[in-house]
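Asker: Sequences are here, hints too, so could you generate the full structure?
Protein chains in written order, with the working numbering: chain F, 765 to 1009; chain C, 765 to 1009.
Quick caveat, the hints were computed from the structure, so don't treat them as lab data.
Among the clues, some could well be false.
If chains are identical, the list can't say which one is meant, so a pair holds when it fits in one copy or spans any two.
As the list claims (entries may be wrong) - No farther apart than 27 Å at their CA atoms in a straight line, the calculated lysine-lysine pairs in the DSSO-like style are these:
| id | residue 1 | residue 2 |
| --- | --- | --- |
| 1 | 796 | 922 |
| 2 | 784 | 796 |
| 3 | 848 | 911 |
| 4 | 848 | 899 |
| 5 | 911 | 922 |
| 6 | 784 | 922 |
| 7 | 796 | 941 |
| 8 | 941 | 899 |
| 9 | 784 | 911 |
| 10 | 796 | 911 |
| 11 | 941 | 848 |
| 12 | 899 | 784 |
| 13 | 941 | 922 |
| 14 | 848 | 922 |
2 protein chains.
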Amino acid sequence: MSDTLVTDAADAFPVSARNKIKRMHERGAYDKAAVFAILDAALLCHVSYVIDGQPFCTPTLFWREGETLYWHGSSASRMLKHLKEGTPACLTVSHLDGLVLARSGFHHSVNYRSAMCFGTARFIEDADEKLEALKGVVDRFYPGRTKTLRPIDPQEFKATTVIRMPIDEASAKVRAKTVADDEEDYAAPLWAGVIPVAQVIGAEEPCPRLIPGTTRPDNLSAYREGRRLDETFAEMHQLYQRGTR
Amino acid sequence: MSDTLVTDAADAFPVSARNKIKRMHERGAYDKAAVFAILDAALLCHVSYVIDGQPFCTPTLFWREGETLYWHGSSASRMLKHLKEGTPACLTVSHLDGLVLARSGFHHSVNYRSAMCFGTARFIEDADEKLEALKGVVDRFYPGRTKTLRPIDPQEFKATTVIRMPIDEASAKVRAKTVADDEEDYAAPLWAGVIPVAQVIGAEEPCPRLIPGTTRPDNLSAYREGRRLDETFAEMHQLYQRGTR
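Answerer: Rendered as structure tokens:
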């Protein structure tokens, strides 16, 4: 999608040199709905930040509330210590959807959905805001679950750091189609096509120390064996948003 | 694994402030076999690099030859333009293996395997080396496939940039176990356990313009519906290594 199509500022992130899609721009979009759909279908992101000129790429759980991204970690973490003052960060989510086998090496590709979000990442210092955020990391994936758990204790609260990053700029990139070969290559008697890939939920493995007779609560029923994980996370996000508004 | 267990320098990456695992170090390892197993089970990585102080986190295909990582992209790419001189980079691979639901918010977690690799990323300028690498990106995933394809043409060769990064330091982190709750919480009548997750191969979607009668060649038979993608990639890597030695 060309960025000239994006005319409503409320629905799209601003475009700068930082998030402007330079390669394959027909695959890119800046509208918030496109970015959020990719983010909300995921639990895992990769966050980039810089310490003394050295880039780090850290995998972590994250969640979204409106136009703000959250992630958390141990207060002892190397990465998080450097975020107290606020530091530029880039949070990226990618879904691999298929392997694209073409009739030339050059046109081999993958189907994917990715979103890159730029902003300034900072500790949450306010205790109430931090407590709310710590409920979010559980309830966003398992809506209503924190109500069933004991409260977080002071030691746990202290040991955990929560980071918030309002999204200043973002972009989405998607490839979702079959092989695109050069016209003259279609005559080659080669197998070409897409091998789809999906993250799928497996059979539950209950804790061996469950109190006998304890079954999975209804609010976890969406996590059923064989289902796509991205669809499940997206559904959970919608349930969570409805519950918190 | 404690790093004191790593005694043979040939089998382990050096440990510095950059790759030292600060959090949950019992989950970490520096031995090459652990790092390579995580890398070789993947196609997608996230690469972090810095442009004018701004970190970028870019999802991309990558592959490994010995202790060197390769990735490629358009010569017009913003990221790749900055790698001509050589730039510090961090390439990370993560596999999400399960959702861990505990009896307290604090002990909710995920099962995962991740590897972070540090080094200096640079363009490949030598034409022969670049040509070999461009075969690698296809043959590493689909061993023997480039022999069946037309050669890369000069325009394609020019339009593609290949990056190489020898791994200077690396670390692996793995969580692969059931719930670990606080002892006093096991008495709670709550469902707790692991919901496994895996990337799985779907049913092939042949290109609609296949020459009639064209079937998938035997060397793609490993990509069969329902199989785990990580296991398939690991098998393909072994086949590829055997073929190129």
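Asker: Hint by hint, say whether it matches the structure.
Answerer: Consistency of the hints with the structure:
{"no.": "1", "hint": "796 - 922", "verdict": "neither (34 Å within a copy, 35 Å between copies)"}
{"no.": "2", "hint": "784 - 796", "verdict": "within (14 Å within a copy, 37 Å between copies)"}
{"no.": "3", "hint": "848 - 911", "verdict": "neither (30 Å within a copy, 53 Å between copies)"}
{"no.": "4", "hint": "848 - 899", "verdict": "within (21 Å within a copy, 45 Å between copies)"}
{"no.": "5", "hint": "911 - 922", "verdict": "within (21 Å within a copy, 58 Å between copies)"}
{"no.": "6", "hint": "784 - 922", "verdict": "between (39 Å within a copy, 23 Å between copies)"}
{"no.": "7", "hint": "796 - 941", "verdict": "within (22 Å within a copy, 37 Å between copies)"}
{"no.": "8", "hint": "941 - 899", "verdict": "between (38 Å within a copy, 24 Å between copies)"}
{"no.": "9", "hint": "784 - 911", "verdict": "neither (42 Å within a copy, 37 Å between copies)"}
{"no.": "10", "hint": "796 - 911", "verdict": "neither (31 Å within a copy, 43 Å between copies)"}
{"no.": "11", "hint": "941 - 848", "verdict": "neither (43 Å within a copy, 32 Å between copies)"}
{"no.": "12", "hint": "899 - 784", "verdict": "neither (34 Å within a copy, 30 Å between copies)"}
{"no.": "13", "hint": "941 - 922", "verdict": "between (47 Å within a copy, 25 Å between copies)"}
{"no.": "14", "hint": "848 - 922", "verdict": "within (15 Å within a copy, 44 Å between copies)"}
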